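> Given chain Z, put chain D in place with the hints provided.
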Amino acid sequence: MLAPSMVEADEARLTLGAAMLSFPSADPDAVPSIAALENPLLVEIMVRGGHSMLSQLTVQAGGDLQSGSDKITITSITWTAQGEGFVAGTLSKEQPQLVGQWLGNVNRTGNLWFWLENSWSYPAGDYSQSLAYTLIAY
Amino acid sequence: MKRRTVVAGMVTVACLLLLAAAGWAASDQQTLTVRATVADKAKLTLGVATVNFPDADPDAAPLISATENPVSVTVKVHTGSAAVVTLTVQANGDLSSGGDSIAITNVTWTASGSGFLAGTMDTSPQAAGSWTGSGRRDGAFSYFLANDWGYATGDYSQTVVYTLTAP
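Chains Z and D, in that order, are what the protein sequence lines are.
In case it helps, the working numbering puts the first sequence at residues 1 to 138.
In case it helps, the working numbering puts the second sequence at residues 1001 to 1167.
Chain Z extracted, bound-state conformation:
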């Protein structure tokens, strides 16, 4: 007689506390580093798998901040982090940047604070870009 057994599938779930980050206009002399209005961004990680499973959260920008033909380099945006396993960094369009790393089953919450370096060299405009956050467990 065959005794059926359940094998739980590995699962990874990523939740962000906001869908958008906004940096308001500011005088570069008064505000050399602009805080995102939505700071801090809540990040929730849930990974279910083996105790030796490695999980990594990365972020990669789709390009520079863009307003028509004007650009602000995406590396002008940095973040700080709070929460076990979460790390600070600088956005990049070239390579995924590490946001956090954990071992085994994970059920973690962290906060990210985003900052835009201000400058008189930026052309006036409304800039935007998309960031892809990817959680992989393997």
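Hint data in this document are derived by calculation from the structure and do not stem from the laboratory.
Values in this document were obtained by computation on a predicted structure and should not be read as measured data.
Note that beta-carbon positions come from the ideal geometry of N, C-alpha and C, so glycine has one too.
Keep in mind that the hints are not guaranteed to be accurate.
As the list claims (entries may be wrong) - For lysine-lysine, the following DSS-like pairs were computed, each having C-alpha atoms within a straight-line distance of at most 30 Å:
#1 D:Lys1076 <-> D:Lys1043
#2 Z:Lys71 <-> D:Lys1041
#3 D:Lys1041 <-> D:Lys1076
#4 Z:Lys71 <-> D:Lys1076
#5 Z:Lys71 <-> D:Lys1043
#6 Z:Lys71 <-> Z:Lys93
As the list claims (entries may be wrong) - Examples of chain Z residues toward chain D, derived with CB under 8 Å:
#7 Arg13
#8 Trp120
#9 Leu135
To be verified - Quick list of simulated restraints, FRET-style, between CB atoms:
#10 Z:Trp113 <-> D:Asp1155: 30 to 38 Å
#11 D:Leu1046 <-> Z:Gln66: 53 to 61 Å
#12 D:Ala1146 <-> Z:Gln66: 46 to 54 Å
Just chain D, lined up with the frame of chain Z:
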């Protein structure tokens, strides 16, 4: 006997498939949109609020240099990348001391720094600088008064207004 062997083989294959699935990576992805606003703004800073021309012998000093020369000038602008930024200066009148006057056109200036322009004071706006797009520009003006034995003695003054425009 043969039938039991075939069934056992099928069960073994199923178990192997399930074990292989347990080792696959699990993943999830979320998108975050980033927006940044850079509004038009303009800021002009002059190094001093007053320039003074001391008394001098017109034969020895036909051109009197202001004691504060050079005067630093800083222009800071957020504007369109193709927008023309201009700095102008306009005097509110001639140098005046009671009923006496010295034509303001006797005051000239030289300029240093990219985009900054030399000129002659006047009661109409005079170009003092021109640039394109956003940025910080640092320069300096040095002021000179043409000296003349024809000036009546007195303490003269006048206000000049610098205007920075970024469309």
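> Any of the earlier hints contradicted here, and which numbers?
Going through the list in order, the structure violates hints 10, 11 and respects the others.
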